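Trainee: Next come the chains, spelled out residue by residue.
2 protein chains.
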Amino acid sequence: MPSSNLTMNVGLLGGGVVGASVYRLANSQAADLAARTGVKLAVTRVAVRSLDKARDIPAEVLTTDAQSIVDDPSIDIVIELIGGIEPARSLILSALKSGKSVITANKALLAEDGPTLFKVARDNGVDIYYEASVAGAIPLLRPIRESLAGDQITRVMGIVNGTTNFILTKMDEEGSSFETVLAEAQALGYAEADPTADIEAFDAAAKAAILASLAFHSRVTVDDVSREGITQISAADIASAHAMNHVIKLLAIAELLPDNRLAVRVHPTLIPRSHPLAAVRDAFNAVFVEASAAGEVMFYGRGAGGLPTASAVLGDLVAVVRNRAAHTTGSQESAYAERLVAPLSDTSTRYHVRLEVSDRSGVLAAVAQIFAKHAVSIQTVRQSGRGDDAELVIVSHLASEADLAATVADLRSMEVVRDVASVLRVIGGAV
Amino acid sequence: MPSSNLTMNVGLLGGGVVGASVYRLANSQAADLAARTGVKLAVTRVAVRSLDKARDIPAEVLTTDAQSIVDDPSIDIVIELIGGIEPARSLILSALKSGKSVITANKALLAEDGPTLFKVARDNGVDIYYEASVAGAIPLLRPIRESLAGDQITRVMGIVNGTTNFILTKMDEEGSSFETVLAEAQALGYAEADPTADIEAFDAAAKAAILASLAFHSRVTVDDVSREGITQISAADIASAHAMNHVIKLLAIAELLPDNRLAVRVHPTLIPRSHPLAAVRDAFNAVFVEASAAGEVMFYGRGAGGLPTASAVLGDLVAVVRNRAAHTTGSQESAYAERLVAPLSDTSTRYHVRLEVSDRSGVLAAVAQIFAKHAVSIQTVRQSGRGDDAELVIVSHLASEADLAATVADLRSMEVVRDVASVLRVIGGAV
Chain A
1 MPSSNLTMNV
11 GLLGGGVVGA
21 SVYRLANSQA
31 ADLAARTGVK
41 LAVTRVAVRS
51 LDKARDIPAE
61 VLTTDAQSIV
71 DDPSIDIVIE
81 LIGGIEPARS
91 LILSALKSGK
101 SVITANKALL
111 AEDGPTLFKV
121 ARDNGVDIYY
131 EASVAGAIPL
141 LRPIRESLAG
151 DQITRVMGIV
161 NGTTNFILTK
171 MDEEGSSFET
181 VLAEAQALGY
191 AEADPTADIE
201 AFDAAAKAAI
211 LASLAFHSRV
221 TVDDVSREGI
231 TQISAADIAS
241 AHAMNHVIKL
251 LAIAELLPDN
261 RLAVRVHPTL
271 IPRSHPLAAV
281 RDAFNAVFVE
291 ASAAGEVMFY
301 GRGAGGLPTA
311 SAVLGDLVAV
321 VRNRAAHTTG
331 SQESAYAERL
341 VAPLSDTSTR
351 YHVRLEVSDR
361 SGVLAAVAQI
371 FAKHAVSIQT
381 VRQSGRGDDA
391 ELVIVSHLAS
401 EADLAATVAD
411 LRSMEVVRDV
421 ASVLRVIGGA
431 V
Chain B
432 MPSSNLTMNV
442 GLLGGGVVGA
452 SVYRLANSQA
462 ADLAARTGVK
472 LAVTRVAVRS
482 LDKARDIPAE
492 VLTTDAQSIV
502 DDPSIDIVIE
512 LIGGIEPARS
522 LILSALKSGK
532 SVITANKALL
542 AEDGPTLFKV
552 ARDNGVDIYY
562 EASVAGAIPL
572 LRPIRESLAG
582 DQITRVMGIV
592 NGTTNFILTK
602 MDEEGSSFET
612 VLAEAQALGY
622 AEADPTADIE
632 AFDAAAKAAI
642 LASLAFHSRV
652 TVDDVSREGI
662 TQISAADIAS
672 AHAMNHVIKL
682 LAIAELLPDN
692 RLAVRVHPTL
702 IPRSHPLAAV
712 RDAFNAVFVE
722 ASAAGEVMFY
732 GRGAGGLPTA
742 SAVLGDLVAV
752 VRNRAAHTTG
762 SQESAYAERL
772 VAPLSDTSTR
782 YHVRLEVSDR
792 SGVLAAVAQI
802 FAKHAVSIQT
812 VRQSGRGDDA
822 ELVIVSHLAS
832 EADLAATVAD
842 LRSMEVVRDV
852 ASVLRVIGGA
862 V
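In order, the protein sequence lines correspond to chains A and B.
For the first sequence, position 417 matches number 417 in this note's numbering, and the numbering has no gaps at all.
Here this note's numbering = 1-based position in the second sequence + 431.
Source of the hints: derived by calculation from the structure; they are not laboratory data.
These numbers come from a predicted model, not from an experiment.
Keep in mind that a hint or two might mislead.
What the hints assert, rightly or not - Below are the DSS-like pairs computed for lysine-lysine, each with C-alpha atoms no more than 30 Å apart in a straight line:
1) 528(B) <-> 119(A)
2) 550(B) <-> 40(A)
3) 528(B) <-> 550(B)
Please model the entire structure based on the sequences and the hints provided.
Mentor: Here you go:
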């Protein structure tokens, strides 16, 4: 590595758990970072909301004026860890416009308005890197963008939310109800007091949009993502998956349809226990990528936490520093493929439909007739219980969301069907 | 992506399975590659051993004179897929010296003489990329080098040989002997007629050297790697691992020791069934990385095959093309950390020692005394069988290779020990 007297100053927006970890790592790794980049790096300023809170960051670098960091001509690179749409967007845009490169972990902003940020970065000849925004510490976005750049990605399926994976793992392993495990997760700090963003899959949907944009070189925002959370998953669903040797995971799925449109969705999904994603337990994340030439590739690791996220930010920092030192930028985002996102009703998958039915002869025949009427082909049927507890679990072959919805509507109107207890999607393997 | 009239010509050395896949992909993906790089790419020449063989490559681009491609001033980038040390090394060196960037999948050459190649590339301001040399299609080397560049890697453990993983998976799942499964693997084409390079772990040792060099920024060659193959693994070993809820995998391990030296070795290893590497079946590869900040990260996918390897080569090609178009190079290899490799005797691990013993009272006490004499602490003991079939399986706590070797030597000289049937290493989790 050529030695050099080049110095670059970094401004940090946000001094919370991740910010403090970035600050600490950047200092403790300073000698290694200099050896790896040929540039001496210094985090010279950190913007925080309040100066009163005790922090592991020296008081003299702190400020409450984030804009002053963005405007500071001595700062070369801005790391944005504030989160949310505003003021993060305005700060990032003004940093880019003043020729600073930006590293951000802001999934909400990227999923809503990524293309604007990418365009401003490109117009100003600077980088915007965001590895930490999806699946925390896992090197994922750059491998998809760069290592698989010569391949054709056909599908991306990810466990990208640690809270819901923790809950589903506990439900699977302990047989507990959703409510019990959610309370446990909150007590352990794995779920927030208001868990909506996680359990209703808003967080995973933002990440799905980012992954889809990147994998398919198209513009996909969070509004394009069909979203279903895990609040309706019951112990009975988990038990039924078990009986099929499957597990239920909340998957963010982005796939290329035969008509060249994209399907982008987040929903609980039954996957075979032998699938590599099935072994991803607790708060771990993993993203499974299918590509024409590479075949199946999976990336696994920690999706959150101060140090893991800081690792991803520092990886981006090394890349940005090298690019600036070479007076270039990394590979730019592009949406050249301009693929459209299909509505959910146009996508197809297999379904696991769990019905509570009257324990009467002829029920299965009547139910099967409804499926046949809507051209939803049945793969397996499992009946259990008797009397008031009679349960019918039907797994279909591939069918469109529209056909399945029509089937379910008809099932609900049947006198012998007491309840369509759940409708879940099934992916991978033979049942 | 800026449109451009820039064209780059690629010369391919080697027209076998991987070469033909690279040729085909580069052509079928030409429009996407141009969109992703801003450069029009053409594979204009392909060197092959014989012009007589039928190939999916047009005759007019074929030549048997590899040197003429390397010397051709119209060629910008050379892809080397010949393998082996010579003439690959001379061809690569002369390509680099004439200002061409090089992409290679040549693990043997990199493990023996990587630093020479890296230096010549650096001196000539060109790139040498080699993603395909370890774990085929899995984006691995660039994520380690680039995405984890801000972190401190402490250990890398990889299943990097598909043939041996296929054999061990079958032995585990079917209870068959090594010889039976090897014959099956040969019949299926998963193992070669002469399987030595795979089953004696020469292939995995080369990859261990490449991974260790990269992860620890130090010069590690294949001569530094302690190597033990899988030919001694018996159905009894697999059954014993099973009884402990472990599986046996051939792991390439590179780790940072507390004294800042490195331990680099390849050997069959018992790992808990709950470990992410345990779920890697058949010919799949995976590399598990532990880093100070990121925690545990794993990369999974296909380690071999024409198309998967071609995917990795094309990912490198996109990177090299972008670098050349920007008149820069990627991050260079470096050995700035200059860590030394410790001899095997200095490394520590846990051991699984399987003994055939006389079925006599007092045997366990006598055996335990030998372990105690060499300060090898026993974690668990399992006795089974009786009479001539009596078996004693001892799992130790962490102990040095030197202490374990002394223990085994003493055990062999005991009258009550009929045979030290196997000594295997154990990693991860509680037993």
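Trainee: Determine for every hint whether it applies to the structure shown.
Mentor: Checked hints:
Annotation: proposed proximity of residue 528(B) to residue 119(A) is violated, straight-line Cα distance about 38 Å (limit 30 Å). Proximity of residue 550(B) to residue 40(A) is assessed by CA-CA distance (about 23 Å); at most 30 Å being required, the pair is judged to hold. With a C-alpha separation of about 11 Å, the suggested pairing of residue 528(B) with residue 550(B) holds against the 30 Å cut-off.
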